[in-house]
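Novice: Below, each chain spelled out in residue letters.
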Amino acid sequence: MKQTNFFGLVLFFASLVIISLFVASGAIQAKEPVKIGAIIPITGTSEVEGQDMSRGLQIALDEINTAGGVLGRSLEVIVEDTETRPKSGLDAVHKLIDINKVPVILGGYFSSVSLPTGNYSNSQGVVQLTWSTSPALRKVGPFFFGICGTDELMAANTVKFAIEDARAKRFGIIVDNSAYGLGVLEFSKREIKKAGGEIVAEVKYEREKADYRPELQRVFAQKPEVVVGTLIGKDARTIFKQAYELGLKPQSGWYLSWISLATAPSIPETVEGVKGLIGRLKGKAANRFNEMYQEKYGAPPQTVWGHYIYDAVWLTALAINFANSPEPKAIKDALFKVAPVYRGVSGGGDKTFNADGMQKYEVYQRMVCKNGKLVIYQK
Amino acid sequence: MLFQQIVINALIRASELGLLAIGLTVTYDILKFANFAHVEFACIGAFLAYTMNVTLGMNIILAGLVAILVVGVLSIFIDRLVFIRLRGASSIALMVTSLGLGIALRNGVRAIWGARIKGYAIGLQNPVELIGVRITPVQIFIILTSVISMVIIHLILKRTKLGKAMRATSANPALAQACGIHTERIVRWVWFMGASLAALGGIMIGLDTHLTPRMGFSVMIPVFAISILGGLGNPYGAMVGALILGLTENIGLYTDLGKILTLNGLIGNLTGLYIPTGYKLAISFIIMIVVLLWRPSGIMGKRER
Chain A
1 MKQTNFFGLV
11 LFFASLVIIS
21 LFVASGAIQA
31 KEPVKIGAII
41 PITGTSEVEG
51 QDMSRGLQIA
61 LDEINTAGGV
71 LGRSLEVIVE
81 DTETRPKSGL
91 DAVHKLIDIN
101 KVPVILGGYF
111 SSVSLPTGNY
121 SNSQGVVQLT
131 WSTSPALRKV
141 GPFFFGICGT
151 DELMAANTVK
161 FAIEDARAKR
171 FGIIVDNSAY
181 GLGVLEFSKR
191 EIKKAGGEIV
201 AEVKYEREKA
211 DYRPELQRVF
221 AQKPEVVVGT
231 LIGKDARTIF
241 KQAYELGLKP
251 QSGWYLSWIS
261 LATAPSIPET
271 VEGVKGLIGR
281 LKGKAANRFN
291 EMYQEKYGAP
301 PQTVWGHYIY
311 DAVWLTALAI
321 NFANSPEPKA
331 IKDALFKVAP
341 VYRGVSGGGD
351 KTFNADGMQK
361 YEVYQRMVCK
371 NGKLVIYQK
Chain B
1001 MLFQQIVINA
1011 LIRASELGLL
1021 AIGLTVTYDI
1031 LKFANFAHVE
1041 FACIGAFLAY
1051 TMNVTLGMNI
1061 ILAGLVAILV
1071 VGVLSIFIDR
1081 LVFIRLRGAS
1091 SIALMVTSLG
1101 LGIALRNGVR
1111 AIWGARIKGY
1121 AIGLQNPVEL
1131 IGVRITPVQI
1141 FIILTSVISM
1151 VIIHLILKRT
1161 KLGKAMRATS
1171 ANPALAQACG
1181 IHTERIVRWV
1191 WFMGASLAAL
1201 GGIMIGLDTH
1211 LTPRMGFSVM
1221 IPVFAISILG
1231 GLGNPYGAMV
1241 GALILGLTEN
1251 IGLYTDLGKI
1261 LTLNGLIGNL
1271 TGLYIPTGYK
1281 LAISFIIMIV
1291 VLLWRPSGIM
1301 GKRER
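Protein chains in written order, with the working numbering: chain A, 1 to 379; chain B, 1001 to 1305.
Chain A extracted, bound-state conformation (with noise of 0.2 Å):
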């Protein structure tokens, strides 16, 4: 009778012990946060919108943690750099989906970037949210979104700019050779010519290169009355320092696609007086967005990226809880459902989504770089 009732105890607190050892473990479980990825140009060409993009995610982080997560979870980002490479960033995503397995991943931006990661991460049924802007991305794939308006809408809206604003007839094209930039000029080439302009001079520059006078030299061999098309991170800086230095100018100005992307890592005095276009950040909500990044870091956000990388972020959050899931498939029908009615703080608030998963809707804004930073352009 002893022998049982000693048998009996130990069976007693064993279970006692394997069932703590459960509840525990659930407990842990549930405590464990719900991880996706990002893979965001720390380093390289992009570095300072790359850096607007950190701050933006980390902002949209901490709001969507203190209003109590996903699923009851926190969420988490495991960031990656791209280096503004399609090599690293390919290898950054590998390691993302291979390793830390995430559902979705966000970013990419450019779309020599975006184009080879979105097809892995399409080809692994791994949601990706990229804020790129090439037409070619409507191919990647079902798992495949874009949050921000495709290259044929920014470069008509370019063109229209300085026709409307110069009533330019004569045009200069200057774009960098990559995926992004070839789509900004064959669409700038289309408006001009639709709108019966001359093109006089038409430029392709490679990246991270430290001359680019034969390149300047060709813009403005022709005497172009406006120069259209995009410049990009540090090499815009050696590009505007060294039209700078030639004394080149166009004779009614500069008009670039994503004008924040050239005049972020410029120096003042090179880009005074340049225009373009950037996604448009007026309304409650993205004046809110300003205001937080302001007081978080101290200074107003360089360039529209952060504004980008928030709305990805919302949107993957709200999208899970939707789904209820943290599964990439029941995230990516999700998607489509929760983007209508949610009112992001980028391109002008709407993030609907076409059919292919790219951007319904794009209002840009038009800017003028003045004293250094970049102002509402008034006429």
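Treat each hint with caution, since some may be false.
Claimed, not checked - Capping the alpha-carbon separation at 27 Å, the derived lysine-lysine pairs in DSSO-like fashion look like this:
#1 337/A / 360/A
#2 1164/B / 249/A
#3 193/A / 1259/B
#4 370/A / 1118/B
#5 31/A / 169/A
#6 204/A / 1118/B
#7 1259/B / 223/A
#8 87/A / 1118/B
#9 139/A / 329/A
#10 95/A / 31/A
As the list claims (entries may be wrong) - To give an idea of the interface, some chain A residues facing chain B are shown, with a C-beta separation under 8 Å as derived from the structure:
#11 44
#12 206
#13 213
#14 221
#15 245
#16 285
Said to hold, decoys possible - Pair by pair, the computed Cβ-Cβ distance ranges are:
#17 1124/B / 299/A: 20 to 30 Å
#18 164/A / 1114/B: 50 to 60 Å
#19 186/A / 1257/B: 51 to 61 Å
#20 247/A / 1257/B: 23 to 33 Å
Note that these hints are calculated values from the structure, not bench results.
A virtual CB, placed ideally from N, CA and C, is assigned to each residue, including glycine.
Since chain A is already given, all that's left is putting chain B on it; use the hints.
Specialist: Frame of chain A; chain B shown alone:
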């Protein structure tokens, strides 16, 4: 744009790249291998000068001189650490070793200074206008420094015992040693000179543009093109090669081929035919290929029998 402006732009480019190419070619002449790590000395020199100029507040000229000396000493240290064990190894083995070393140095720079772009504390340079040409004081400094450096290299090679010993070692190391020349000491001097010139070139590029850990790597192809074009092992060839590359890059993109083909409108009307700017590098390569076909040892290289 005025033709003289294009020539000045070409001269600035040639001044920066020429210094690197001379260093590379001098090293090749004695060590008999293409040192792919050479351009990284430019990067290290530029960043060391940055630390002394911006972080320590030193005058840029003084900072540059110290950086050049440090890089020169570093190159001797690298030779003692790595290449001394490979004396007599095939040029392929040495070349591959230098390629690996280059990657290590590039990433070392990145680990120490980070990947963000940097610039010297010289502010934005306002250009001055001379005979219709716009040029900044820094660019004048770059051209003058380059010319003075080339004169010094010429004097070292032709007028000093070291120069004679270098030429003797290059021609026949065994005979040079038999004549009492300490060839290992010459090798050390060559490393020092080559790396110092590279550092000087890197600082010049940094003054003209900005600093990034990839600044050395990004000029590797033009620097090798210049050296091959001029004749590997010939510093004077490197000077000429640098000028040719600078001029072809600048004039090549600016020239309306339509006007040339039609003899400026004499035999038809074809204008606006330019080489696409995306093929800027190809211009140098095409010229290099043509020169090599015509003269395989380069413009000023020794004719091979």
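Novice: Could you work out which of the previously given hints the structure breaks and list their numbers from low to high?
Specialist: Violated hints (numbers, rising): 2, 5, 16, 18, 19; every other hint is consistent with the structure.
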